[in-house]
Amino acid sequence: MLTLEELLPLLPSRSRRTLKRGLSRDENKLLEDVKVAKHGDLIRTHCRNMIVLPVFIGHNLLIYNGKDFERVSIQPQMVGHYLGEFALTRKKVKHTGPGVGATRGSKFMPLK
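First residue of the sequence shown? That's 776 in this note's numbering, and the numbers climb one at a time after it.
Hints listed in this document are in silico derivations from the structure and should not be mistaken for laboratory results.
Check each hint, because a few of them may be wrong.
Simulated pairs of lysine to any residue, SDA-like, Cα-Cα distance not exceeding 20 Å [what the hints assert, rightly or not]: (1) Lys804 / His856; (2) Lys810 / Thr820; (3) Lys810 / Pro851; (4) Lys813 / Asn835; (5) Lys866 / Tyr839; (6) Lys842 / Cys822; (7) Lys842 / Arg823; (8) Lys795 / Asn824; (9) Lys810 / Arg823; (10) Lys795 / Thr778; (11) Lys842 / Asn824; (12) Lys804 / Thr820; (13) Lys842 / Leu863; (14) Lys810 / Gly833; (15) Lys866 / Leu837; (16) Lys795 / Cys822; (17) Lys804 / Gly815; (18) Lys804 / Ser790; (19) Lys795 / Leu785; (20) Lys795 / Glu780; (21) Lys804 / Pro784; (22) Lys810 / Gly855; (23) Lys804 / His834; (24) Lys867 / Gly841; (25) Lys795 / Leu783; (26) Lys813 / Leu837; (27) Lys804 / Leu785; (28) Lys804 / Asn835; (29) Lys810 / Asn835; (30) Lys813 / Ile832; (31) Lys804 / Leu837; (32) Lys810 / Pro829; (33) Lys867 / Gly855; (34) Lys842 / Thr864; (35) Lys842 / Ala862; (36) Lys810 / Leu798.
Given only the sequences and the hints, what does the whole structure look like? Please build it.
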């Protein structure tokens with residue numbers, strides 16, 4: 776397990792600066808919850824801007840995406856990334872055929 780001092784040189788500059796300046800109250804609470812929790816527990820959080828630290832590895836987090844909580848299990852490759860990167864806030868657009876109220880020319884779908 777890496778200590779914070781060993782981890783800092785491996786991180787990008789923005790993440791290094793954030794950790795050097797100290798964590799916010801919400802980030803500290805999440806860090807304490809992770810330290811106290813067992814590896815099977817689910818931890819709910821709205822803190823999408825928290826950097827994944829080595830302490831998080833093996834834990835399951837429920838990260839809020841604006842509508843509901845998405846379950847994310849933390850892997851070693853995720854260290855240094857932000858939690859928000861793993862709970863997307865936008866869905867993929869699904870384009871379908873023309874609907875009611877479409878223009879006259881576009882309401883006829885060509886047959887393949």
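Results for each hint:
Of the supplied pair hints, the one linking lysine 804 and histidine 856 holds, its CA atoms being roughly 19 Å apart against a limit of 20 Å. At most 20 Å may separate the alpha-carbon atoms for a hinted pair to count; lysine 810 and threonine 820 meet this at roughly 14 Å. The suggested pairing of lysine 810 with proline 851 holds, with an alpha-carbon distance near 16 Å, which does not exceed 20 Å. Under the criterion of a C-alpha separation no larger than 20 Å, the hint pairing lysine 813 with asparagine 835 is consistent with the structure, at around 10 Å.
The straight-line distance between the Cα atoms of lysine 866 and tyrosine 839 is roughly 14 Å, inside the 20 Å bound, and the hint therefore holds. With a C-alpha separation of about 14 Å, the suggested pair lysine 842 and cysteine 822 falls inside the 20 Å cut-off, and the hint holds. Distance restraint check for lysine 842 and arginine 823: the Cα-Cα separation of roughly 13 Å lies within the 20 Å cut-off, and the hinted pair is therefore satisfied. For the hint pairing lysine 795 with asparagine 824, the CA-to-CA distance comes to about 15 Å; that is within 20 Å, so the pair holds.
Simply put, lysine 810 and arginine 823 have alpha-carbon atoms about 18 Å apart, close enough for the 20 Å limit, and the pair holds. Between lysine 795 and threonine 778 the CA atoms are separated by roughly 13 Å; this keeps the pair inside 20 Å, and the hint holds. Only pairs whose Cα atoms come within 20 Å are accepted, and lysine 842 paired with asparagine 824 is accepted, the gap being roughly 17 Å. Under the criterion of a C-alpha separation no larger than 20 Å, the hint pairing lysine 804 with threonine 820 is consistent with the structure, at around 10 Å.
Proposed proximity of lysine 842 and leucine 863 is supported: the alpha carbons are some 11 Å apart, at most 20 Å. At most 20 Å may separate the alpha-carbon atoms for a hinted pair to count; lysine 810 and glycine 833 meet this at roughly 12 Å. Pair hint lysine 866 plus leucine 837 holds up; C-alpha atoms about 18 Å apart against a cutoff of 20 Å. A C-alpha spacing of about 18 Å is found between lysine 795 and cysteine 822, which places the hinted pair at or below 20 Å, so the restraint holds.
Between the alpha carbons of lysine 804 and glycine 815 the distance comes to roughly 19 Å, so the proposed pair stays at or under 20 Å and holds. With a CA separation close to 19 Å, the supplied pair lysine 804 and serine 790 stays within the 20 Å bound. With a C-alpha separation of about 14 Å, the suggested pairing of lysine 795 with leucine 785 holds against the 20 Å cut-off. The straight-line distance between the Cα atoms of lysine 795 and glutamate 780 is roughly 10 Å, inside the 20 Å bound, and the hint therefore holds.
A threshold of 20 Å between alpha carbons decides the hint, and for lysine 804 with proline 784 the separation of about 25 Å lies outside it, so the pair is violated. Using a Cα cut-off of 20 Å, the hinted pair lysine 810 and glycine 855 holds, with the two alpha carbons roughly 18 Å apart. Our distance criterion of 20 Å between C-alpha atoms is met by lysine 804 and histidine 834, whose separation comes to about 15 Å. For the given pair, lysine 867 sits about 15 Å from glycine 841 by alpha-carbon distance, which is consistent with the 20 Å threshold.
For the hint pairing lysine 795 with leucine 783, the CA-to-CA distance comes to about 9 Å; that is within 20 Å, so the pair holds. Restraint check for lysine 813 and leucine 837: satisfied, since their Cα atoms lie roughly 15 Å apart, inside the 20 Å limit. Distance restraint check for lysine 804 and leucine 785: the Cα-Cα separation of roughly 24 Å exceeds the 20 Å cut-off, and the hinted pair is therefore not satisfied. This hinted pair checks out: lysine 804 and asparagine 835 have alpha carbons roughly 16 Å apart, not beyond 20 Å.
For the given pair, lysine 810 sits about 12 Å from asparagine 835 by alpha-carbon distance, which is consistent with the 20 Å threshold. Proposed proximity of lysine 813 and isoleucine 832 is supported: the alpha carbons are some 12 Å apart, at most 20 Å. The suggested pairing of lysine 804 with leucine 837 holds, with an alpha-carbon distance near 15 Å, which does not exceed 20 Å. A C-alpha spacing of about 11 Å is found between lysine 810 and proline 829, which places the hinted pair at or below 20 Å, so the restraint holds.
Restraint check for lysine 867 and glycine 855: not satisfied, since their Cα atoms lie roughly 26 Å apart, outside the 20 Å limit. Distance check on the hinted pair: lysine 842 and threonine 864 sit about 8 Å apart at the alpha-carbon level, within 20 Å; holds. The hinted pair formed by lysine 842 and alanine 862 meets the criterion: a straight-line CA distance of about 11 Å does not exceed 20 Å. As the CA atoms of lysine 810 and leucine 798 are separated by approximately 15 Å, the hinted pair is consistent with the 20 Å bound.
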